[in-house]
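Novice: If you read the protein sequences in the order shown, they are chains A and B.
Position 68 (the first sequence) corresponds to 68 in the UniProt record's numbering; numbering is contiguous.
Position 3 (the second sequence) corresponds to 3 in the UniProt record's numbering; numbering is contiguous.
Worth double-checking, as some hints may not be accurate.
Put simply, identical chains are the same to the list, so a pair is met inside one copy or across any two.
To be verified - Listed next, the in silico BS3-like pairs over lysine-lysine satisfying Cα-Cα at most 30 angstroms (straight line):
hint: 1; residue 1: 40; residue 2: 16
hint: 2; residue 1: 59; residue 2: 16
hint: 3; residue 1: 40; residue 2: 59
Keep in mind the hints are simulated off the structure, nothing from the lab.
Number of protein chains: 2
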Amino acid sequence: MARPDMPVNVAEKLSKVTEYWSPKTILEANGYEMKAVKVKGEFVWHDHPEGDELFIVVKGELTIDLRDRQSVTLGAGDMFVVPRGVQHRPVAPEECEVLIMDAAGVVNTGGVASELTAQDEWI
Amino acid sequence: MARPDMPVNVAEKLSKVTEYWSPKTILEANGYEMKAVKVKGEFVWHDHPEGDELFIVVKGELTIDLRDRQSVTLGAGDMFVVPRGVQHRPVAPEECEVLIMDAAGVVNTGGVASELTAQDEWI
């Protein structure tokens, strides 16, 4: 899909996300894609050798476990960058709405094949 | 400044911004910087040949006039990408809080020297 030439509303896009752990692309800039995702529960440990991954929590609370350092917990309005290649595992006890930005084509589970591996899809 | 290894809270960062049109960097990912800025009034026409520029409105309303196409107006929770090289002019009749993401080192007024040209600064 081409980049939208109209403003994109985050809440409106998130309202269309019906599955957990299934990020949907909402815009693209400089080869990086912003994705809207709802999460609940525990994701798989993985990393992204292609680049850093930006998390922005819109609603709820997200903990990101990091293999080699202290976990971080993000509330609404918090942002965090998981550096390139750092093993991480997002965990959300309750439903949480998140924006994720990473390089176009990055797979949500990194190099880990999982039933949680999602297809690249615009919403 | 090094990239923070703790979550960054958008509202907290914006509360530290005291000047209009003076974006402050709050995080970096893949060589792109997220900046918090308060705006009011009319900015200068300019463009960024280095890359696309992502706008995210946190509070208030921002119109982005575009030289070669229809203006867009963003409310809270709206995002928009001004493509690389497209002349644009942000306008906000009332105070508006915005996040802007573009390549590290990009100057807010592009190639236009202006009293509104800001220094690259972390907050």
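Novice: Output the numbers, in ascending order, of every earlier hint that fails for this structure.
Specialist: none
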